[in-house]
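Engineer: Sequence:
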Amino acid sequence: MPRLDVAIETRDGVCPASVFTPDDTAGPWPAVIFFMDGFGIRPVMQEMAQRLADGGYLVLLPDFYYRIGSYLPMDPPRIVADPKLREDFMKLVTSLNRDQKVSDAGAFIDFLLTRPEVKGERFGATGYCMGGNVSLTAAGAFPGRFAAVASFHGSHLASDQPDSPHRFVKSITGRVYVAGAIEDKSFNEEQKIRLE
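Residue numbers (numbering that gives the first Met the number 0): 0 to 195.
Hints were generated in silico from the structure; no laboratory data involved.
Each hint should be verified, as a subset may be incorrect.
[To be verified] The list that follows gives simulated cross-link-like pairs (lysine-lysine, BS3-like), each with its CA atoms no further than 27 Å apart:
no., residue 1, residue 2
1, K90, K184
2, K184, K169
3, K90, K191
4, K169, K191
5, K184, K118
6, K184, K83
Using the sequences plus the hints, can you model the full thing?
Structural biologist: Here you go:
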């Protein structure tokens with residue numbers, strides 16, 4: 000797996016991240032920021048990043064939880080099954096506000112713009128669950144920087160909150176793909192209509 004671990008300077012500290020590239024082609028490649036889900040960086044996220052990279056992209060996978068320091072790998076089934084762990088988990092997920100997401104996204108964009116192995120100055124952004132929210136948030140904050148944006152099972156994309164991603168997406172110039180579940184309390188039918 001062609002992977003390079005990097006440290007990205009942000010407004011709030013140093014964010015560890017990994018850069019994944021294709022196995023079989025020479026760069027430069029178009030870049031994609033892959034925003035992690037709430038369960039943090041773990042092998043399955045790295046496998047997904049490499050799968051995306053193998054499609055011909057340079058993929059940046061940053062760790063949004065760098066503000067809390069190092070943490071043990073999370074076990075999603077265990078967290079979902081234990082009410083106390085689930086409560087602690089939700090506090091962690093909701094600790095990231097729009098300002099932090101936007102500031103970090105700006106640092107990630109700046110990082111990609113300095114890399115000789117990155118092709119072009121517009122990027123892709125994608126994420127699952129919390130990462131889907133961050134993907135739309137980043138694209139809304141930097142509408143001209145993203146050629147394609149995807150949110151898979153993104154949460155709270157069009158809520159009543161003043162920092163809801165839907166309030167900032169109208170200027171996005173790239174393609175946007177939002178995949179939601181049929182029954183999802185964090186992205187219900189009302190939110191789907193509001194986002195559209």
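Engineer: Please go over all the hints and tell whether each is borne out by the structure.
Structural biologist: Evaluation of the provided hints:
1. K90 with K184: 18 Å, holds
2. K184 with K169: 24 Å, holds
3. K90 with K191: Measuring from Cα to Cα gives roughly 25 Å; hence the hint holds.
4. K169 with K191: Holds, at roughly 15 Å.
5. K184 with K118: At roughly 38 Å apart (the allowed maximum being 27 Å), K118 and K184 break the hint.
6. K184 with K83: Holds - the C-alpha atoms of K83 and K184 are around 20 Å apart, at most 27 Å.
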